[in-house]
Amino acid sequence: MDGNDEQSCIDRVLRGEVNAFGPLVERYQKPIFNLMCRVAGSPDSAADLTQDTFIRAYQKLERFHPGKRFFPWLYSIGLNLARDFARKNTRDLKTGSTLDPESISGCNYPGDQHDSMCASLEFVRLEKALDELPLIYREALILRYHDECSMRDIAEALSLSLSAAKMRVHRGLEMLRENYKGGIHGTQKRSI
Amino acid sequence: MERKKDPFEQLAQGPSAKFENTPCENNENQEILALKRLIHSMPEKEAPAGLTESILSSLEPKIIPRWLLIYRWALRPRTVTFQPLKLVPAAMVLVLGLAIAIQFGPGREDRGGTGHEELIPVTFTLSYQRAERVSVVGSFNQWNPASHKMHQLGNRNTWVLELRLPAGRHEYAFLVDGKVVVADQSSPFYQSDGFGNRNSVLFVNRDEPANI
Amino acid sequence: MNQQIFRYSFTLFLAAFLVASMVSFSYVQGQPADSSVTASVRAAREAGVPETSLNRLLMLAVDHRLEDDGVVRLVNFLQTVQTENLPIDPFMGKIEEGLAKQVPLNTIAAVLAQKLDDYRFVKSVLARTKTAKDQEISHQDLNRMVGSLDAGVSMEELARFILEASTEDLSMLARATESMALLKQIRFDESLTEEILFTGLRRNSLTPSWDYLARVVATAKRRQISDDEIASAAREALEMNRSFADFMTDLGFTPRDLRHGPAVGRSGRRDQ
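If you're matching them up, the sequences are chains U, P and E in order.
At position 137 of the first sequence the residue is numbered 137 (our numbering), and the sequence of numbers has no breaks.
At position 191 of the second sequence the residue is numbered 191 (our numbering), and the sequence of numbers has no breaks.
At position 270 of the third sequence the residue is numbered 270 (our numbering), and the sequence of numbers has no breaks.
Keep in mind that the hints were calculated from the coordinates and are not lab data.
Note that the Cβ used here is the ideal one computed from N, Cα and C, for glycine as well.
There could be a bad hint or two in this list.
[As the list claims (entries may be wrong)] Cross-link-like lysine-lysine pairs, in silico, BS3-like; alpha carbons within 30 Å at most:
#1 P:K149 with U:K88
#2 P:K179 with U:K181
#3 U:K181 with P:K45
#4 E:K184 with E:K94
#5 U:K128 with P:K179
[As the list claims (entries may be wrong)] A partial selection of chain P residues facing chain E, derived with a Cβ cut-off under 7 Å:
#6 W67
#7 V137
#8 Q142
#9 V181
#10 F189
[Stated by the list, open to error] Sample of chain E residues lacking proximity to chain P, with all beta carbon distances greater than 10 Å (derived):
#11 A43
#12 E46
#13 E51
#14 K115
#15 S124
#16 A127
#17 G147
#18 E168
#19 E190
#20 S191
#21 R202
#22 S205
#23 R215
#24 A231
#25 D250
#26 L251
Generate coordinates for the entire structure from the input sequences, incorporating the hints supplied.
Dropping the structure here:
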């Protein structure tokens, strides 16, 4: 599905075809759901927030500027909902993780699985380090290096100027490096 | 005792990734490169099954006025293909048309015959705690919050923006987080906006002694 | 043959196309859903409301998701303004400002109605003067006079000032009313304000460079120059038809001040 297909879906939705919204949901539900998981923690809350994001986007669809990319616009709606959620709920509610460190460190794994478990541990550390970043820095990094968005799209998704988006990515990387180092050193200390 | 390998080292020695050869990243240290790789391959959760159906079932068909559809159609970017040879006469016609418009078009008197308006730099500054975003809205940008967003300085409570404005009198306000209207405390002049707030008034004059 | 591809937006062509399309669609298909918007836009256009203003309004309607009846209400309002030969831009600006500040449409409509009354009031006062009976006031001058009401001058004060001012020049009168409001804001002595401005009007010396009078007075007051001293310098300059630069020199402004002028908010030179 490219930009023209997306525009065609949007046009059909605006002419009253609800089902034309389906392909857009299918395409972008995963990144939005993962955004919500990072904010809400619980998969149930994340699913609700994902649903709210798409419904909100549907309601505002006539305000989507033709010719622009749909994903940054959708992401900015999702981010606003995520911020509202974070404001209403304390962050210590967040319990879930893509990978659970306890489930990994507490088991003995055979040698051939060792490498993959090392990698999993790195992701656990990364998630923890990312989690300590302010929302906008974390999402800037994920959009840039995970979802491979252009800086212009990131700026739009985060409702920032282009230079501010670049600054968020640059600064976010520096902050992440500090957090990540702290996590490694902390782990080593605990293991002694 | 064997030294435990630094995770950054392990990651940086992984298969070459797309982040390695970008021009601005050549000098980046191994740690940053490793983190970029790690974020790139970070696993994702799958969205719950049936989410699409659940969303679609809660939507009502849209009823959009026809004028809005036409408006959107008109806004859409289009691709125009033309040949350079045809461009030359077209450009000549355009230049001729513009010349006629400038010579005889309306508003000639308003420009005072100079046809050129000097823009003067003006710096707006606002101190405001706990703002997510701040815009300058005013008579010079048709009160559009999207057109002039301010930048946050290092202390995070100071927002600045430098604009180039034509000489004259301008009315403006700061719009914080899209809804809070704040007047510029540094401006001694103001105007009631009728909605319960004050707009600030700014006078910009040309940088020419002859005009003073 | 090499070919070049350009992407562009049709925004500039929107007004003509949109209005023409709406009219043709309503004729061809008789759409009841948008007939009210179509009809009001057509009527406003026929009344002389500029295409650019209608364009701006329809764009706002999209950006702010205005309901059809809201759009019709605003279009009809612009038509009234146009019919009374008042400037459209201040009203259009107020609509844009209200929507940007997320003001409810009903409140915006009330503010527009108040503004319309202000314009009618100023025109009615001007009609009572000898000067304005013989000439049509420009929209720019009318805007400045009405603007003084929003800047803290009461209707009574404005009417008295206009009626007591003896001038043939409506631009100077507009400049004087605006200066009166601004000087009031910085608590400059009101009787001295009238003396200065009436001198300028009587001597026909309140030229465009005096637009910056209030700015200079504000700076002078910050430098502890008394109201009497400022008024004396201003009166003398206006009485003798001397330039605004002379007035500034009399107040002790340096050549640097003269070179750069009293531009509020200039980068690095705010309120020197």
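**OP:** Would you list, in rising numerical order, the hints stated earlier that this structure does not obey?
**Re:** 2, 5, 14, 17 and 23
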